[in-house]
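Student: Sequence:
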Amino acid sequence: MKQYTLRLDKTRQRPVVILNNGLTALFDTGAYIPVWTDDEDILISELGAVLVKGNVPLSGFGGSTFGNLYQVNLEVGGILYPSMHMIANNEINATFNLILSATMFEGLIYQIDTVNHVLNVEIPDWESNIRKLRVVNEDGKIFVLCGAAEV
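In this text, residue positions in the sequence shown follow the numbering used here: the first is 1, and each later residue adds one.
Honestly, the hints are just simulated from the structure, not real lab data.
Every clue listed holds true.
Lysine to any residue pairs mimicking SDA-like chemistry, simulated, CA-CA at most 20 Å apart: (1) Lys-132 - Pro-82; (2) Lys-2 - Leu-19; (3) Lys-132 - Tyr-4; (4) Lys-132 - Asp-28; (5) Lys-53 - Ser-64; (6) Lys-2 - Gly-107; (7) Lys-10 - Thr-95; (8) Lys-2 - Trp-126; (9) Lys-2 - Asn-20; (10) Lys-2 - Ile-109; (11) Lys-132 - Gly-48; (12) Lys-132 - Thr-29; (13) Lys-132 - Leu-47; (14) Lys-2 - Pro-124; (15) Lys-132 - Leu-108; (16) Lys-132 - Leu-80; (17) Lys-2 - Lys-132; (18) Lys-10 - Gly-22; (19) Lys-53 - Arg-134; (20) Lys-2 - Pro-82.
Please model the complete structure; the sequences and the hints are all you need to start from.
Tutor: Rendered as structure tokens:
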């Protein structure tokens, strides 16, 4: 079993992960879709995101809205998400760059340790650290598919 430990921002009351590239991400165990909450220009210029589709529906506790669907290569600790789908919507007025959804960690074991300010993620031997996450829109409904990719 592989384990990755990510630092949490000690100054926040919510689990905000500090990523290697200086970005910050809210680890949201209730989120279904990863969401970029900052300026889309940063997503494109810093992470090389490519627009897949505009005006995609997005809903949550705050209600419903729309955002742009991008494909991006992302690394969270040692977990790789090649060509991952992410919806960009900066209407949230967040103090972090993105929301890491629970679906991104499907099949993994995670622990939010607020005492030591870390997020521990364990990858079972039958899973890979290379994850394939896709957002699929079928008949007006959004589906998120995530699993291990072949190594």
